[in-house]
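In order, the protein sequences belong to chains A and B.
Take 165 as the starting number for the first sequence in our numbering and just add one per residue.
Take 165 as the starting number for the second sequence in our numbering and just add one per residue.
No lab work stands behind these hints: they were computed from the structure.
Treat the hints with caution; some may be incorrect.
Because identical chains cannot be distinguished in the list, a pair is counted as satisfied if it fits within a single copy or across any two copies.
As the list claims (entries may be wrong) - Below, in silico cross-link-like pairs of lysine-lysine (DSSO-like), each with a Cα-Cα straight-line distance of 27 Å or less:
no., residue 1, residue 2
1, Lys311, Lys226
2, Lys550, Lys500
3, Lys434, Lys550
4, Lys354, Lys434
5, Lys431, Lys226
6, Lys354, Lys304
7, Lys438, Lys500
8, Lys431, Lys255
9, Lys438, Lys255
10, Lys537, Lys311
11, Lys451, Lys233
12, Lys354, Lys311
13, Lys434, Lys255
14, Lys537, Lys451
Fair warning: this is a prediction, and the values are worked out from it, not measured in the lab.
Protein chains: 2
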Amino acid sequence: MTNAREAQATILSSVQTVGSVTLSLDRSIHRVLALDVVAGENIPAFDNSAMDGYAVRSEDIKTVPAVLKLTGEIAAGSVAQGALGAKEAMKIMTGAKIPAGGDVVIQQEWTETADDQHVRITTSAAAGHNIRPTGGDLHKGEIALPKHRQLRAQEIGVLASLGIGYVEVFRPLSVAILATGNEIVEVGAKLPEGKVRNSNAHTLSALVLEAGCEPHMLGIAQDNASDLKQKIMQGLLSDALITTGGVSVGKYDLVIDCMKELGVEVKFWKVNIKPGMPMMFGMYHGKPVFSLPGNPVSSMVTFLQFVAPALRKMMGLAEPSGGTRLPARIEHEVTKTDGKRHFVRGIFRQQNGSLTVRTTGSQISNVMSSLAKANCLIILPEEARKLSAGDLVEVELL
Amino acid sequence: MTNAREAQATILSSVQTVGSVTLSLDRSIHRVLALDVVAGENIPAFDNSAMDGYAVRSEDIKTVPAVLKLTGEIAAGSVAQGALGAKEAMKIMTGAKIPAGGDVVIQQEWTETADDQHVRITTSAAAGHNIRPTGGDLHKGEIALPKHRQLRAQEIGVLASLGIGYVEVFRPLSVAILATGNEIVEVGAKLPEGKVRNSNAHTLSALVLEAGCEPHMLGIAQDNASDLKQKIMQGLLSDALITTGGVSVGKYDLVIDCMKELGVEVKFWKVNIKPGMPMMFGMYHGKPVFSLPGNPVSSMVTFLQFVAPALRKMMGLAEPSGGTRLPARIEHEVTKTDGKRHFVRGIFRQQNGSLTVRTTGSQISNVMSSLAKANCLIILPEEARKLSAGDLVEVELL
Numbered sequence: 165m166t167n168a169r170e171a172q173a174t175i176l177s178s179v180q181t182v183g184s185v186t187l188s189l190d191r192s193i194h195r196v197l198a199l200d201v202v203a204g205e206n207i208p209a210f211d212n213s214a215m216d217g218y219a220v221r222s223e224d225i226k227t228v229p230a231v232l233k234l235t236g237e238i239a240a241g242s243v244a245q246g247a248l249g250a251k252e253a254m255k256i257m258t259g260a261k262i263p264a265g266g267d268v269v270i271q272q273e274w275t276e277t278a279d280d281q282h283v284r285i286t287t288s289a290a291a292g293h294n295i296r297p298t299g300g301d302l303h304k305g306e307i308a309l310p311k312h313r314q315l316r317a318q319e320i321g322v323l324a325s326l327g328i329g330y331v332e333v334f335r336p337l338s339v340a341i342l343a344t345g346n347e348i349v350e351v352g353a354k355l356p357e358g359k360v361r362n363s364n365a366h367t368l369s370a371l372v373l374e375a376g377c378e379p380h381m382l383g384i385a386q387d388n389a390s391d392l393k394q395k396i397m398q399g400l401l402s403d404a405l406i407t408t409g410g411v412s413v414g415k416y417d418l419v420i421d422c423m424k425e426l427g428v429e430v431k432f433w434k435v436n437i438k439p440g441m442p443m444m445f446g447m448y449h450g451k452p453v454f455s456l457p458g459n460p461v462s463s464m465v466t467f468l469q470f471v472a473p474a475l476r477k478m479m480g481l482a483e484p485s486g487g488t489r490l491p492a493r494i495e496h497e498v499t500k501t502d503g504k505r506h507f508v509r510g511i512f513r514q515q516n517g518s519l520t521v522r523t524t525g526s527q528i529s530n531v532m533s534s535l536a537k538a539n540c541l542i543i544l545p546e547e548a549r550k551l552s553a554g555d556l557v558e559v560e561l562l
Numbered sequence: 165m166t167n168a169r170e171a172q173a174t175i176l177s178s179v180q181t182v183g184s185v186t187l188s189l190d191r192s193i194h195r196v197l198a199l200d201v202v203a204g205e206n207i208p209a210f211d212n213s214a215m216d217g218y219a220v221r222s223e224d225i226k227t228v229p230a231v232l233k234l235t236g237e238i239a240a241g242s243v244a245q246g247a248l249g250a251k252e253a254m255k256i257m258t259g260a261k262i263p264a265g266g267d268v269v270i271q272q273e274w275t276e277t278a279d280d281q282h283v284r285i286t287t288s289a290a291a292g293h294n295i296r297p298t299g300g301d302l303h304k305g306e307i308a309l310p311k312h313r314q315l316r317a318q319e320i321g322v323l324a325s326l327g328i329g330y331v332e333v334f335r336p337l338s339v340a341i342l343a344t345g346n347e348i349v350e351v352g353a354k355l356p357e358g359k360v361r362n363s364n365a366h367t368l369s370a371l372v373l374e375a376g377c378e379p380h381m382l383g384i385a386q387d388n389a390s391d392l393k394q395k396i397m398q399g400l401l402s403d404a405l406i407t408t409g410g411v412s413v414g415k416y417d418l419v420i421d422c423m424k425e426l427g428v429e430v431k432f433w434k435v436n437i438k439p440g441m442p443m444m445f446g447m448y449h450g451k452p453v454f455s456l457p458g459n460p461v462s463s464m465v466t467f468l469q470f471v472a473p474a475l476r477k478m479m480g481l482a483e484p485s486g487g488t489r490l491p492a493r494i495e496h497e498v499t500k501t502d503g504k505r506h507f508v509r510g511i512f513r514q515q516n517g518s519l520t521v522r523t524t525g526s527q528i529s530n531v532m533s534s535l536a537k538a539n540c541l542i543i544l545p546e547e548a549r550k551l552s553a554g555d556l557v558e559v560e561l562l
């Protein structure tokens, strides 16, 4: 049986990034850069004032108070008429370009009005004071944002400031989702005796959306080779295929056999974890195929641990391996004896500057409502046996 | 000057949730429930098997080995023909309904084939073993998910399992964004001398999207009352209006005056924070209006601290006050003397089970690229003066 780390490594070494697409800035949030973005200009493009005040020459204010002649006024966005001469000052607004000859801005608070045409500087300052230098944020020619960087609001701000309205990013992935099993009926349908609703496909669809990909729902395949193969073939047209259900040892479990017959190369189909042990990963002409267990919690946990990293690598992220992980002290004793890696639904909180976590209680893998109560997964490694209250564990935020 | 806590409290007490809308499950990710969702049925709807194995009567396996007659086979989704009699067993698959008379499932591994028509149970178990009871996840009539709960993948799974395909959620908010200032030009335009590009509106648009709202870009208003008022009026048609630029003390700063003349009730317009001090909050017929500073970093920080909580309350979240905050040890000395609350761009990391953070360096508020390097804001409270390496600080994840 594969362990969790090997499984993740196998998956990440099997998948590759997809191609790129040009998107307008306002559609590019959470996409990933497919090229280095080089600054085509300096930011700021010119020396400018960090304050409202007076642009002066530092040599004129070595001794204060100094009375200087007012020769102009520079609003943000406008440019001084001519240069600043000796013993002269220009009123200047925040963001406005420093006039030629000026090398310091004295803030309003350090000045007094002398008369209509003169200002009195009461406090001295060295050259450069209150001046934001050309290229102080970004220099022309430097890499402003590297390839593989995901675009958050601040990256979009950087691109806009460089005048970049269109950006080359890895294209969105289409991810097919197929529920399997004679026992499954659609959400809106009447529920016959013995059947259950198709909840996994909807959970997976939401997880695919949260990962920044486009879910493509294939419906429900019955437990027969003909229906399964037809729907699996359809799913193999997408960039990745996820099936749910039908990979345990039951005799009605045909999914893996159908996959193999269609040419999917099975890489592993059991992982030493709980929940989620019966999980298949394969490749089909460069596309990953995942068969996740039918239990709702197992399905979500295996998505987060194995499918999401694959999708993140394919969509271009440099560090695809997982969600935010944090150390926390467990609030109560936990024992396990099976040598598996456990992903335990937990409630994580901050108390007096330290992080603690407790389990949500029952960890039965069909109890989806406990995942709705959880805000993290507690990760208990294979070798852990008994944890006492106060022991350090790793949690992954949900 | 208002302090940060008072400012946030004023904002949160001024805004109200918007109305609700019915959305299909697959469009409801990250929306917030506008009604309690009551379970209309039990989950699971029937006692079912947690394992592949044999459904038997516990009284028949008090002593083992016990040889029982095979009287049927129950696949997931199908129902047993008749009840289970004394000394009888039925083969059963994971998820299949327990036959009448059966009260325990013995997993495959604890059984042997006796002959074609009999199975030998080798290990005993008590009633209920391997049975997932009716209502074990959710009981009919209980509140499955409360009003004000945000829908993540797991909540969508719970709704689907209950057969709920449409859900009543608070409607998406429309948020208008207006850049102001003669110095601003659009991203795609040529950059004349002394001008800067409109980056803030794009950053804010991305932040509005990340908050789950719909940005509505109003373009750039020039620094004159007529243009400002016309565009502000347009923005007041949205659920909330954000302007950027034009609220410092410069003589060209008309934004607040125009707001007042249009009937915006100004609640405060300076907050004791850095960056972001000159920030206005007002209300217009129940709609919040924010005028954020023009510096890119100030604009983003004030959005996260003040605008985002307002939007989160309006979109229905029960705890709108902020992003994920964590304790961390600062890696180096930090001093401040101004009595303001600082939001310092930081790089947060996990080392040997503890969380540490360092600043990104220069904290000049026009340096957007430093926010692109940051993964958190370090929050330094008003009263903090000198922090030594190893001191505990609070960070907010970006």
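Which hint numbers doesn't this structure obey?
Violated: hints 1, 4, 5, 8, 11, 14.
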